[in-house]
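Chains as they are written, first to last, in numbering that gives the first Met the number 0: chain Z, 0 to 320; chain B, 0 to 231; chain V, 0 to 322.
Hint data in this document are derived by calculation from the structure and do not stem from the laboratory.
Watch out, some of these pointers could steer you wrong.
Claimed, not checked - Not everything, but these chain Z residues come out facing chain B in the computed CB check (under 7 Å):
id : residue
1  : Thr20
2  : Ser47
3  : Gly66
4  : Lys95
5  : Asp97
Stated by the list, open to error - Cross-link-like lysine-lysine pairs, in silico, DSS-like; alpha carbons within 27 Å at most:
id : chain 1 : residue 1 : chain 2 : residue 2
6  : Z       : Lys33     : B       : Lys215
7  : B       : Lys189    : B       : Lys101
8  : Z       : Lys33     : B       : Lys177
9  : B       : Lys227    : Z       : Lys175
10 : V       : Lys212    : B       : Lys73
11 : Z       : Lys128    : V       : Lys175
12 : Z       : Lys175    : Z       : Lys154
13 : B       : Lys90     : B       : Lys180
To be verified - Derived CB-CB ranges, DEER-like:
id : chain 1 : residue 1 : chain 2 : residue 2 : range
14 : Z       : Asp301    : B       : Ser226    : 23 to 29 Å
15 : B       : Ser47     : Z       : Ser254    : 21 to 27 Å
16 : Z       : Glu120    : B       : Thr87     : 41 to 47 Å
17 : B       : Gln12     : V       : Gly142    : 24 to 30 Å
18 : B       : Ala53     : Z       : Leu40     : 41 to 47 Å
19 : V       : Phe209    : Z       : Asp251    : 55 to 61 Å
20 : V       : Gly142    : Z       : Ser247    : 32 to 38 Å
21 : V       : Phe233    : B       : Leu228    : 43 to 49 Å
22 : B       : Gln161    : Z       : Thr314    : 27 to 33 Å
23 : B       : Gly197    : Z       : Thr314    : 55 to 61 Å
Backbone N, C-alpha and C define an ideal beta-carbon position, used for all residues, glycine too.
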Amino acid sequence: MEDSDNADDEDGSMQNRAIVTPGELVTDDPVWMKGHGTYYLENRTYSSVAGTVSRVNRLLSVIPIRGRYQPETGDHIVGRITEVGQKRWKVDIGAKQDAVLMLGSVNLPGGVLRRKNEADELQMRNFLKEGDLLNAEVQSLFQDGSASLHTRSLKYGKLRDGVFLKVPSSLVVRSKYHSHELPGGVSVILGVNGYVWLRKTSDLQQQQSASHVGKDAAALSTRGNYSVGNASVTITRLEEESSWEIYSDVNDQISQSIRETITRYANCIKILAYCEIGITLERVTACYEASMAYDEAGKLIDREVMESIGDDVITAEKYRG
Amino acid sequence: MDGRRWNELRRFQCRINTHPNSADGSSFVEQGNSKVVCIVEGPMEPPSRSQLSATEATLNISLNVTPFSSIDRKRRNKNERRIQEIITSLKRTFEQSIITDKYPRTTISITCHVLTLDGGLISAVTNSITLALIDAGIAMYDYISSVSAGFYDNTPLLDLNQLEENDLSYLTIGIVGKSEKLALLILENKIPLDKLEGVLAIAVAGGHRIRDMMDKEVRRHGELRLSKLANK
Amino acid sequence: MAKVLGYEYGKKEVMRTKYGVVSGLWVCAESQYKKIREKFPSSFDQSGHNEEVLKGTRRMLLSATERSYLYESLHSKHIIRPDGRNIKQFRPIQSHTGFLELSNGSSKITLSDGSECIVSIKAKVVDKAQEQDLVSVDLEIAGHREDSPYTLSLTSTLQSLYAKHIPRESLNLTSKFAYKLYIDILVIATYSHPLTMMSLATYLALQSTFLPKLTSSVDDKEIEEQPTFHDYEFVKLQVTVPVIFTVAVIGENCIIDPSAEEMEVSDNGLIVSWFDGKPISPMGTVRLSETNIKSLNPALIVKSVDLVSSIANSPWNVQIILS
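Isolated chain Z, as found in the complex (with noise of 0.2 Å):
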């Protein structure tokens, strides 16, 4: 469903690669429906920014060129609680509004059935409080545009052990997975909206992944890429999982190399955010590769390198076809 919604996304701005700007008569078909990024007077559409065309269906809207990230029912984003509230929390995700997050759609330690109580109400700060980041789906979207967020998952929750960054949330390509096992011992969470979290890869992923790899070695191999929720988890381990420690705040040792490592990737997708690349798994680790040619990580802030490098990638790209 996702997939084929991105196809159509896709073929609709392919298309029409013309831009539109502000005050444009898009169409003066009646039958096509306004969406975003349009406004319609007397039976016809106009553009109200710049952007392009994009047409699914029978819905008709305008891309804007740059804006702050839209958020969608079902994409997996990053954000950083912004205020703790009654029986919900707010989260910034880089849009124009807070997200909300309810008490009632997070798990709580204790197992994933048990029953919110008041006393979960009073010590919501030791779950998530002001500052925490947290990896989590959009549920919902409410009428004025803003987004109710749910951790009901393994895959969702607090975030530890390591970095965050943000990118322009245009340039994440939106993808099945967004949670990914890089070499190195490294995780990534490309999160839609832009925000980025790059971590020490947590030993249990470790574990599951390898006896994941185990079972179902040919999936794996294709783009050896690993997504925590795909695991088959047992109740028990649900109920482990669910306890407290999923809601700390100490980080796991992690090693000089493994930071020196997390450092480097940070700076390759910030590489790829500079030169405009759309982010993939493929090109953060292309990237990686390119930016072995510099020892020092410090080098690859600098304006060239940052360019020869982007260049290299679709260069590389281009190669393989």
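Here the structure of chain Z is known, so what remains is to put chains B and V in place on it, guided by the hints.
Leaving out everything else, chains B and V in the frame of chain Z:
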């Protein structure tokens, strides 16, 4: 007065997305020797609850005429009446042209820095705001392009510089897109009613030319980005 | 800016005394405190606006785990900065000069995090006898009132720095008249501590300042006349300009040009001014973060000064940083 014909614009140059790392939208406009930088942030979560409107976006505009902008350096008070007046009319203009009800419960904050000033303050600022808003991807009904015009010795004059502004009576208009609709009209001093029509007519024509130049820049920048994104 | 230590290089007595500095405040035995106070009265600048300095820069929210990750990386012997820089490395700076036609000198610098600052230099002919300072600094930081303590404290730091170290002789015109320089600094956006950015931009603007050429005689003792200038010929202003460096201290490590996240986890911060091959005042501690302030080991002041000196005095000097 500077060798232009009566209906000739001064050099107009503009760029958008000049501050990609620090703002949602940004622009730089040069109209003659006047230079304006505009920064737009938002739509975003309002800094305080009191500014919140449940139905539409709240607009905050601040205008900073730098002390070094004129030939004689002088410090301007932010609360100067003229600046406050300009801000109020700009706010009214853009509240009408931004589709504000698409962004309930948010703030859009606009900051303009005037680096050098050689007449046409309001028009340069208006044009820079239009471009920065477009760059930020904020939905607008149409471009607002702005230009000043005055008249001298029965001849209407377009796009005045500082010297001309000092001596002539003039007005500044903001035009909606390619239409003849005015979103903004500021008369600085008296203009005889019978002359008004002629002055307005050249101003509208000038405004359309400015709109086309801004549109060209927006498209140029858009193409550039698309060509990069084609690598996706 | 912060509590300024009236510390000049060579006055090592300051450091030999046993004391710690906590967030710009001297923590030491009362008697010692008094002694130091008598010795260096200027050290105790009462106009320190530590709190405000911090509120000025946009606050960065970090989660507990991010904080500890960053802190450990920066604290360890083998330091890893979040963007991989070494301790002496600046973030890339883009600069541009001479774009304001109505000013005698102008510059604009942009840091890689989007911080940006524009400086204009305007000169005016003044009667030397009537002007105390031949340099006047004016600061405007977007999002801050002109009379906010934050802006005012930064202005006074820069004012005293430039008024003191730009030699009056270089602005001399005649025995009666001189140029007065108006330095206007406009900060369009700032994410880390703005002093280094502002001082580098001012440096560039002053280096690209052109003043009208004097055509009347230098000696106007006898004749009561305004000096006259050539219509279109300009002379480049020749001055050496001091530069301020910001150093963050984390554990035993000192790092130059801290980014916002580095500032947030730093134990303490130092500003070191550099002029003509040596450190000068103002030098002192600044609060870089709101929490997490620890006492400062005096040895680290020396270490920071050494760090700055290795940058400022090496061939890889200010010019190169800006190129």
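Q.
Hint by hint, where does the structure go against what was stated? Just the numbers, ascending.
A. 7, 11, 15, 18 and 22
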